[in-house]
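Visitor: The lines below spell out each chain.
Number of protein chains: 2
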Amino acid sequence: MRKYYTITELTREFGVSTRTLRFYEDEGLIQPDRRGRTRLFRAADRHLIKEILRGRRLGFTIAEIREIIEIYKGPPGELGQLELMMKRVAQKREQLNQKRQDIEETLAELDSVDEACLARLAELRVGT
Amino acid sequence: MRKYYTITELTREFGVSTRTLRFYEDEGLIQPDRRGRTRLFRAADRHLIKEILRGRRLGFTIAEIREIIEIYKGPPGELGQLELMMKRVAQKREQLNQKRQDIEETLAELDSVDEACLARLAELRVGT
DNA sequence: GGTATAATTGACTTTTACGTAAAAGAAAGA
DNA sequence: TCTTTCTTTTACGTAAAAGTCAATTATACC
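For the protein sequence lines, the chains are R and W, in the order given. Sequential numbering from 14 applies to the first sequence in the numbering used here. Sequential numbering from 14 applies to the second sequence in the numbering used here.
Hint data in this document are derived by calculation from the structure and do not stem from the laboratory. Just to be clear, a hint being listed does not mean it is correct.
Any copy will do: because identical chains look the same in the list, a pair fits if it lies in one copy or spans two.
Computed list of lysine-lysine pairs in DSSO-like fashion (alpha-carbon distance at most 30 Å, straight line) [said to hold, decoys possible]:
1. Lys63 - Lys86
2. Lys100 - Lys63
3. Lys86 - Lys16
4. Lys105 - Lys16
Please construct the entire structure, taking both the sequences and the accompanying hints into account.
Guide: This is the structure in structure tokens:
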């Protein structure tokens, strides 16, 4: 287990710019330590970055990603808060299910395009 | 089968603005007919809009959505083109598989959050 | 101790995907 | 005919998510 990661280590690992990581810090998504003015990222920050980029790939906005991250921060103690949290989880789950369905549909269409291509290729080989 | 849809019919059906549909036309994603200056959308346009919005939900940019739409336009005749097309299909499939994996991971984390919530609820009921 | 190398902040710019407002034509109902 | 209700084009505006550039400041290596 390493203690700290530098910002450029992480930009290389994840293929993002330093500007991006600083932007995520400004947005409050990560809170790296400091030694002087230099940022020191811990494993927790690194993990958060992974989750941010995952959300980004799925087309979530920063605001939506923030929601997801706050959900991860663990269940609160109070009853009302707990119910609110579970409602949010249910909402996110619905969004994700919608996206999953969108993916399945798109993949199915790509499959049929692929088949059509193969069919056309076969025709060409026979010599249309 | 209806012949034409007006722009507002479609905005209501899909919950988007007229500006959005005109924007998609400017971008060359749809090509509605005209009667005078008024746009008349056919079933094919309506179907394309569905696919555009599906891509949008998945976080694809307009450029990426355009790529997908051009793939749908059916296999070309020439060999080189066919191979290029199949390569593109394979690329899109990879992107979608990545997104699917992202979704599964996120859903799994939401599941464990949910469990933690339920556990905490049970504790509260017993009276911690 | 000088000189690359890496990191910082701050400000300005850019791109994407529309929103919004203005001005005007066309169709439809009272 | 008057008034709504749609629709159009043109043009400018904007929010999100960084990119880019400049001016500094440390750090590290030789």
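Visitor: If a hint holds in the structure, say so; if it doesn't, say that too.
Guide: Hint-by-hint comparison with the structure:
1. Lys63 - Lys86: within (15 Å within a copy, 36 Å between copies)
2. Lys100 - Lys63: The answer is both: 24 Å in one copy and 28 Å across copies each meet 30 Å.
3. Lys86 - Lys16: within (21 Å within a copy, 52 Å between copies)
4. Lys105 - Lys16: Intra 33 Å, inter 38 Å, cutoff 30 Å: neither.
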